[in-house]
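K.L.:
Construct the complete structure from the given sequences, taking the supplied hints into account.
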Amino acid sequence: MVPTSYYLILSAVLFGLGVVAFVFKRNVITIFMSIELMLNAVNLAFVAFSQARHQSDGQVFVLFVIVVAAAEAAVGLGIIILTARNRQSLNVERVDLLKL
Amino acid sequence: MTPQLAIFFVLAAIAVIGALSLILQRHPIHSALSLIVVMIALAGLYLLMGSEFVAAVQIIVYGGAIMVLFVFVIMLLNAGVEERTNVSKLAGIAGIPLAVALLGFLAAAIARSNETAQAGFQSGGLANTKDISTMLFKDFVYPFELTSFLILVAILGAIVLAQRENS
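From first to last, the protein sequence lines are chains S and L.
Taking the working numbering, I'd label the letters of the first sequence as residues 1 to 100.
Taking the working numbering, I'd label the letters of the second sequence as residues 1001 to 1167.
Be careful, since some hints might not be right.
Derived list of chain L stretches under chain S, where covered just means 3 residues or more per stretch with a C-beta under 8 Å from a C-beta of chain S [unchecked claim]:
#1 1042-1053
#2 1059-1068
Restraint-style ranges between C-beta atoms, simulated for each label pair [said to hold, decoys possible]:
#3 L/I1159 to S/V68: 16 to 24 Å
#4 S/N86 to L/A1013: 36 to 44 Å
#5 S/I79 to L/A1094: 23 to 31 Å
#6 S/D96 to L/S1021: 26 to 34 Å
#7 S/N91 to L/I1093: 17 to 25 Å
#8 S/L97 to L/K1130: 47 to 55 Å
#9 S/I79 to L/Q1004: 37 to 45 Å
#10 L/F1105 to S/I81: 30 to 38 Å
Residues from chain S that keep clear of chain L, each with C-beta distances beyond 10 Å, as calculated [stated by the list, open to error]:
#11 V95
#12 L97
#13 L98
Just so you know, the hints here were simulated from the structure itself, not pulled from any lab data.
Positions of the beta carbon are idealized from the N, C-alpha and C atoms, including for glycine.
P.N.:
Below, the structure written as structure tokens:
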């Protein structure tokens, strides 16, 4: 018997680490991976609530989150390939065309 | 300490160490492998909670499909060690307190909710794969059909984005 709050705390820790990675990393692919880490943390909270309340809704939502993450990865990596081809760099500091 | 609790702590430690490794590694391929470790540890946690369907989907879709796509793109673009700039230090000054504050708010909210803190759950509970499939194809059938449309649009978008301009 593991208390639900343990899963929620682990989920919060993983989400916080995802935010730190999102802010810290300079490589655009690694930033994209930290978004996947945050989505995984949210999935963990969904499944923990679903099992704690004995309802399947949360696990269905997890399925939808995974589908959206897969679609996002396909389109996002396409954009990354295009940007890397145009800029010859994966550093987000060099993709600053919209910056004032 | 019950065996479930021991397994939980081992898997949680693996997940947190993997996430830390994702931050600390300088090379993107090492970060990607760390993220795969996190995902497999999370799949173990889903199994521990008794949701075997989500665990299988986690390994097949995340570990098998999405991360292979990431590793493929990293190798295709020949990504090297990332470089440090001045702006990333500025982001660290602003970002670390914000991330710690976010984590503190989340932990405080979890600690304050006594109801969820006390309610544990039995593994192998009511929410099994059959219930998930019934709910997915009965109550959530329109969102399910919409996801297929979303995937179609994503395929088209990826093809349009990644193709070379021939003009």
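K.L.:
Holds or violated: is the Cβ of S/L97 farther than 10 Å from all Cβ atoms of chain L?
P.N.:
About 16 Å separates S/L97 from the closest Cβ of chain L, which puts it past 10 Å; holds.
K.L.:
Taking the CB of L/F1105 and the CB of S/I81, does the distance hold inside 30 to 38 Å?
P.N.:
Given a distance of about 37 Å, which is inside 30 to 38 Å, the answer is holds.
K.L.:
When you take the CB atoms of S/L97 and L/K1130, is the distance between them in 47 to 55 Å?
P.N.:
Since the Cβ atoms of S/L97 and L/K1130 sit about 52 Å apart, the hinted range of 47 to 55 Å holds.
K.L.:
Given a hinted range of 16 to 24 Å, is it respected by the beta-carbon distance of L/I1159 and S/V68?
P.N.:
holds, 19 Å
K.L.:
Under a C-beta cut-off of less than 8 Å, do 3 or more residues of the stretch 1059-1068 of chain L approach chain S closely enough to confirm the stated coverage?
P.N.:
Since three or more residues must qualify, the claim that chain S covers the stretch 1059-1068 of chain L holds, with 4 doing so at under 8 Å.
K.L.:
Do S/D96 and L/S1021 keep their Cβ atoms within the hinted range of 26 to 34 Å?
P.N.:
holds, 29 Å
K.L.:
Can the suggested window of 37 to 45 Å be confirmed for the beta-carbon pair S/I79 and L/Q1004?
P.N.:
holds, 42 Å
K.L.:
If I take the minimum Cβ distance from S/V95 to any residue of chain L, is it greater than 10 Å?
P.N.:
holds, 12 Å
K.L.:
Do three or more residues from the stretch 1042-1053 of chain L put their C-beta atoms closer than 8 Å to C-beta atoms of chain S?
P.N.:
n = 8 at 8 Å, threshold three: holds.
K.L.:
Over 10 Å to the closest beta carbon of chain L is the bar; see if S/L98 clears it.
P.N.:
holds, 15 Å
K.L.:
Given a hint of 23 to 31 Å, does the C-beta separation of S/I79 and L/A1094 actually sit inside it?
P.N.:
holds, 26 Å
K.L.:
That 36 to 44 Å hint for S/N86 and L/A1013 (C-beta), does it hold up?
P.N.:
Once the Cβ atoms are compared, 42 Å apart, the range 36 to 44 Å for L/A1013 and S/N86 holds.
When held up to the earlier numbered hints, the structure conflicts with none and fits them all.
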